[in-house]
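Residues per chain are reported as follows:
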Amino acid sequence: VSGLLPTLAQHEVASKTVFSASQSFGVVALVLLVFLLIERDVLRIARANPARRKALSIAIVPLLVAVALTIWARVAIVIQ
Amino acid sequence: MSLDEFGGRRTPSRIGTWTENAEYAPESGGERAPIPAEQEWARQGIATLLLCIAALIAVEALLFARGHVLSGQIADAVLLFLILQVRPGPVRRSPTSWLSLRAPWLEWNPSAPAREAIRSLALVPLIRVVSIGLPLRDVSHAGGTLAVALIVGWAALVLAPAVGVAPRTFLTARLPGAQLQAMLGGLLLGFVAYLLGAPALWPAGASADRALLGLVAVVAAAVAEELVFRGVVQVTLQRAMGRAGVLAAAALFASTYLGAGSASLVLTVALAGLVFGYTVLRTGGLSGVVCGHVLFALGAGAVWPALLGRTHPSLLSVPDATIGLAVATAGMTAIIIRRDGGHERSSVDQLAVGPSSAGAAIARATSTSWWGTIAVLVCLVLAAAIVGFTIARAGREPGPITILDRTASVGFVRVAYPSAWRRQSSDEHALGLQSGLTLTPAPGARQALVIGLGTAGEPSPLPNAARATLEGSPRPDTVRLGGLLFYRYLNTAPRSGGPDEALYALRTTKGSAVAICRGGTPGTNMANTCERILATMRLTSATPFPPNLAVGYAHALNAVIRELNSVRTRAVPLLRAHARASQIRGMQHLARAHERAAADLAAVNAGSATAASRAFVQALKRVGAAYKALALAASRRDPAAYRKAQAELASATDALDSGFAALRRLGYSGG
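Chain order of the listed sequences is A and B.
Just so we're aligned, residue 41 is where the first sequence starts under my numbering, counting upward by one.
Just so we're aligned, residue 12 is where the second sequence starts under my numbering, counting upward by one.
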């Protein structure tokens, strides 16, 4: 199944508009999550105030849960 | 997670240390004293705070309400990202740091209350990004809502101590009278929302499981919204802006409902936000407002529809209600502004350690003069009445509560539609449909509802010709509109370009009835009106197929039963014949027919009826085997084996009847 996922995702995204991709895959949430994760790593490397990194987690964790739930739901539909 | 991890709550003594880092140029004339650093920070913080609030409301108002969901989501994501860049603590610049460059944006260093208020505002775009970024509504609307509520509620509870709000204060139960007022307010406003056409929480005839999940989702959403808007956002805004913070929090809360599609419903939510905000201002606890919010949501969407019917009584004139609600909102605003902060000092006020001087100034400016307050009140009422009247007039365009007083027919389908709508020449042939009907809100409008008919015997709900006009392979969900169950394909993209469409397909004995809602982005007036029109659909000479019925399997089942009946008709005279050879031949015919029927049915995909089909096929095999054993016993003249085969035949026939009954329960009632 994991080997099929990239192809499936590519096919689904390519066959839809950005709007419907956003509706069905949460593309915006995913991109924002990636940005925030990168920022947190940059702050970690720069040894910035840990409080800033933890403040980012307040948004990162909900977005991570949302993205994980979305992927789970879509994969469940594909498997069914 | 301790307070210090996030920079902790600021106290006046700590504010004093920040002044060392601030630099301010004196006035050119030198007549006025330099602005104290603390006031300058407060001014910067309040300005940024107001900018954030305005941006959040503007994003919701200008993008979401007009259906630009993707643009709104991107704007919210950008806002969330920017808000998260606000540092938990003050900027500490050292002379050797590159941050010591003299750039205006690097001088930004707001006071602690303003900074905490700005950070708490991150919850508002987070709700929107997560709720749209968690696209589970096509799987389960209630499940998606519940997931969003749990995620956002968790975020609010984690953020609260980071912005100096103690979650234990949420459970405060001071002033029971005020808490009771919030509950009664929620109950009353829920009834008003019901009368104004608030949508029901679950469709008519929903199962108990589905209703229970919806109930849990509504309660969780109410708790999460109160945690966010009253528990965190309002309290931090109050510290930074005084009582204006209550109004700002209520405005933010109401802005998230701008997509409701009706000015009167949005005003109802705004009024509820003010009532709940006022209660928190007085009591400092959330228990009363959470109960009030639950009563509001459940009353509007479940209790009143169950008690009084899903068709909303026309007790309220929408324009009059809009004006009345606008006046009530203005009155509640005035009460909050007028409230003397010295009385009933709440725990929220007590939490506001070290309010900024700008916040205090705003608070003073709003409560010093009685005559000034009366003037503000009169101005607010007049302004609200004018705005409400204007919105109400604008709201007379086709909306979610437009009366459907005209009817139109195409083939075996009849629907009702608003008298303001127009029929246009149809382009159903381009969609591969047989005949069609096109209804538009206005002549030449891009928005339209096209209803067409497919041919009978198509294996999928959406005719292949119509499917070929779409990009990709859209997957449907099911939605009950009126008494009919439609397959709904949301956000489908036509190959010919143009805006996304929502497609609805109803399978009937005479083929599919297909409706295409153009410009009907979910949540907009157009989408609501399309579904209201489809809810009036009546089939004049066709019968709808039950949900999840596999058409290919139904055809195969029909063919098998027809063949079995034919063989049985031919075999009965043989079985009744006196010659044993004829009887044996009749039994062998029946045995072969049942075995062939079992093999034919086993090769067809029965979809959701697979289990019932397997049981039916097994029963057919048993009947075939019993007839074979009967023929064998007769040819061998073995009475014991014959009686045993007869008993097996009786048992197998009972199993076959049970199989028929199971298939009939799934909607396969033909034969």
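Note that these hints are calculated values from the structure, not bench results.
Even for Gly, the Cβ is constructed at its ideal location relative to N, Cα and C.
Mixed in with the good hints, there may be bad ones.
To list a few chain A residues with every Cβ distance to chain B over 10 Å, as calculated [as the list claims (entries may be wrong)]:
1. L77
2. R84
3. I85
4. A86
5. V115
One side only, chain A facing chain B, incomplete, derived with CB under 10 Å [unchecked claim]:
6. V71
7. V82
8. A91
9. S97
10. V105
Ascending list of hint numbers which this structure does not respect: 7
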